[in-house]
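*Asks:* Spelled out from the first residue to the last, the chains are:
Number of protein chains: 2
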Amino acid sequence: TKKKEVSYSNRGKSLEDDLNETNVFYLQQKLAIIHKKPVPIQIVKVDYPARSAAVIREAYFRTPSTTDYNGVYNGYYIDFEAKETDSKTSFPLKNIHPHQMEHMKSVLHQRGISFFIVRFSTLQRNFVVLYEIVERFYENMKNGGRKSIPFTFFETEAIEIHEGYLPRLDYLKAVDVLIADKAVCESEEK
Amino acid sequence: TKKKEVSYSNRGKSLEDDLNETNVFYLQQKLAIIHKKPVPIQIVKVDYPARSAAVIREAYFRTPSTTDYNGVYNGYYIDFEAKETDSKTSFPLKNIHPHQMEHMKSVLHQRGISFFIVRFSTLQRNFVVLYEIVERFYENMKNGGRKSIPFTFFETEAIEIHEGYLPRLDYLKAVDVLIADKAVCESEEK
Ligand SMILES: [Mg+2]
Ligand SMILES: [Mg+2]
Numbered sequence: 030t031k032k033k034e035v036s037y038s039n040r041g042k043s044l045e046d047d048l049n050e051t052n053v054f055y056l057q058q059k060l061a062i063i064h065k066k067p068v069p070i071q072i073v074k075v076d077y078p079a080r081s082a083a084v085i086r087e088a089y090f091r092t093p094s095t096t097d098y099n100g101v102y103n104g105y106y107i108d109f110e111a112k113e114t115d116s117k118t119s120f121p122l123k124n125i126h127p128h129q130m131e132h133m134k135s136v137l138h139q140r141g142i143s144f145f146i147v148r149f150s151t152l153q154r155n156f157v158v159l160y161e162i163v164e165r166f167y168e169n170m171k172n173g174g175r176k177s178i179p180f181t182f183f184e185t186e187a188i189e190i191h192e193g194y195l196p197r198l199d200y201l202k203a204v205d206v207l208i209a210d211k212a213v214c215e216s217e218e219k
Numbered sequence: 030t031k032k033k034e035v036s037y038s039n040r041g042k043s044l045e046d047d048l049n050e051t052n053v054f055y056l057q058q059k060l061a062i063i064h065k066k067p068v069p070i071q072i073v074k075v076d077y078p079a080r081s082a083a084v085i086r087e088a089y090f091r092t093p094s095t096t097d098y099n100g101v102y103n104g105y106y107i108d109f110e111a112k113e114t115d116s117k118t119s120f121p122l123k124n125i126h127p128h129q130m131e132h133m134k135s136v137l138h139q140r141g142i143s144f145f146i147v148r149f150s151t152l153q154r155n156f157v158v159l160y161e162i163v164e165r166f167y168e169n170m171k172n173g174g175r176k177s178i179p180f181t182f183f184e185t186e187a188i189e190i191h192e193g194y195l196p197r198l199d200y201l202k203a204v205d206v207l208i209a210d211k212a213v214c215e216s217e218e219k
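Keeping their order, the protein sequence lines are chains A and B.
Take the UniProt record's numbering: the last position of the first sequence gets the number 219, and nothing is skipped along the way.
Take the UniProt record's numbering: the last position of the second sequence gets the number 219, and nothing is skipped along the way.
Hints may be right or wrong, so weigh each one.
Note that identical chains are pooled: a pair holds if it fits in a single copy or bridges any two copies.
Derived lysine-lysine pairs resembling DSS-like cross-links, with alpha carbons at most 27 angstroms apart [as the list claims (entries may be wrong)]: (1) K171 <-> K134; (2) K117 <-> K59; (3) K59 <-> K211; (4) K59 <-> K202; (5) K74 <-> K112; (6) K42 <-> K74; (7) K134 <-> K202; (8) K176 <-> K117; (9) K211 <-> K42; (10) K171 <-> K59; (11) K202 <-> K74; (12) K74 <-> K171; (13) K134 <-> K42; (14) K65 <-> K171; (15) K211 <-> K74; (16) K74 <-> K59; (17) K171 <-> K42; (18) K74 <-> K123; (19) K176 <-> K202; (20) K176 <-> K74.
Derived from the structure by calculation, the hints contain no laboratory data.
Work out the full structure, taking the sequences as your base and the hints as a guide.
*Replies:* Shown next as structure tokens:
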């Protein structure tokens, strides 16, 4: 009966760990190819010891100019940013860098699928939300509006993803919904 | 009359430099969003000096598990590997890592556009060649066949890209041809 006690509770694991595990699963199952981009590093000094690997001795972290993850899923270019917040009531927009918003806008212009995965860590709830929706809040903030997106907005307007065993965080289900919605929008525009 | 002497000759510049410049141009002109992936680094030791930026004091280069470049172009997922050779007669397949081939095969399976940009440095000639074509040579090599792709094959079967001023290496023109060819193939398959 020990099996019944297995819990998929996720306390302590970071959103990034969960997404990386999920992406490995997607890759192995041939469902999608999505990778975390390495953090860009400015390398200043490298030693080349005889008979062993080069050692970086001085380097600095650079600010990423794009998003955390990108790749391809069934012909679609996928590009997203993962964000965690401890807040129980809202997602603070200051977590998003202006250059990330710019990058995501360009992705949209190239007809990629651009979204955020937002984890409310304390509440253990995860949501997928389209870039376009976050952009509305972001522009509104720049015009003096509120500096965060209410949790209640996520509950009613975003797509919730539930934690599981394999994959840990099956966000492609949400991406399917985004793609289906987009197809509807595009055909309505005609 | 000095202007007439301006040459777009590319001696000395690396293929990577040319592609990075080209990608900046594409980004600024809103033609495509394609980035070089940072080389993955294994960080072992970081110092956090008071009042200044974190300094990486020990780190190692890791072997990239994918390709050099990826991004999105007009709804298409683009994924490619850039390779240079000094040879005047053929492109040696040992330049390609098995994990790169695996990655590109997966990209194809997800309906992305996967290709190589090959520069014959000594000849100052550049070619775009679909992953699928390289795969034929690669598989043939694994079965005991020749270990390189003849330059004459590139001349007749690949798409040549010529160096220019802005952009340096307009490979999207070649990608347009690849996409058009694929569309023809797919409709013939039906
Ligand atoms: Mg993030
Ligand atoms: Mg390369």
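*Asks:* Does each hint fit the structure? Answer for all of them.
*Replies:* Consistency of the hints with the structure:
1. K171 <-> K134: within (16 angstroms within a copy, 44 angstroms between copies)
2. K117 <-> K59: Neither: 36 angstroms inside a copy, 38 angstroms across copies.
3. K59 <-> K211: Both. Shortest intra-copy (24 angstroms) and inter-copy (22 angstroms) distances satisfy the 27 angstroms Cα cut-off.
4. K59 <-> K202: So K59 and K202 pass the 27 angstroms test inside one copy only (15 angstroms; across, 30 angstroms).
5. K74 <-> K112: Close across copies (26 angstroms), not inside one copy (32 angstroms); limit 27 angstroms.
6. K42 <-> K74: between (34 angstroms within a copy, 22 angstroms between copies)
7. K134 <-> K202: both (23 angstroms within a copy, 24 angstroms between copies)
8. K176 <-> K117: Within. Shortest intra-copy distance 15 angstroms satisfies the 27 angstroms Cα cut-off; inter-copy 60 angstroms does not.
9. K211 <-> K42: Neither, since 32 angstroms and 43 angstroms both go past 27 angstroms.
10. K171 <-> K59: between (41 angstroms within a copy, 24 angstroms between copies)
11. K202 <-> K74: For K202 and K74, neither the intra-copy (44 angstroms) nor the inter-copy (39 angstroms) Cα distance is at most 27 angstroms.
12. K74 <-> K171: Neither, since 41 angstroms and 39 angstroms both go past 27 angstroms.
13. K134 <-> K42: Classified as neither; 30 angstroms inside a copy, 32 angstroms across copies.
14. K65 <-> K171: Close neither inside one copy (29 angstroms) nor across copies (31 angstroms); limit 27 angstroms.
15. K211 <-> K74: neither (48 angstroms within a copy, 45 angstroms between copies)
16. K74 <-> K59: The answer is neither: 39 angstroms in one copy and 35 angstroms across copies each exceed 27 angstroms.
17. K171 <-> K42: neither (33 angstroms within a copy, 42 angstroms between copies)
18. K74 <-> K123: neither (34 angstroms within a copy, 29 angstroms between copies)
19. K176 <-> K202: This pair counts as neither: shortest intra-copy Cα distance 29 angstroms, inter-copy 43 angstroms.
20. K176 <-> K74: Result: close neither inside a copy nor across copies, 41 angstroms intra and 37 angstroms inter.
When held up to the earlier numbered hints, the structure conflicts with 2, 9, 11, 12, 13, 14, 15, 16, 17, 18, 19, 20 and fits the remainder.
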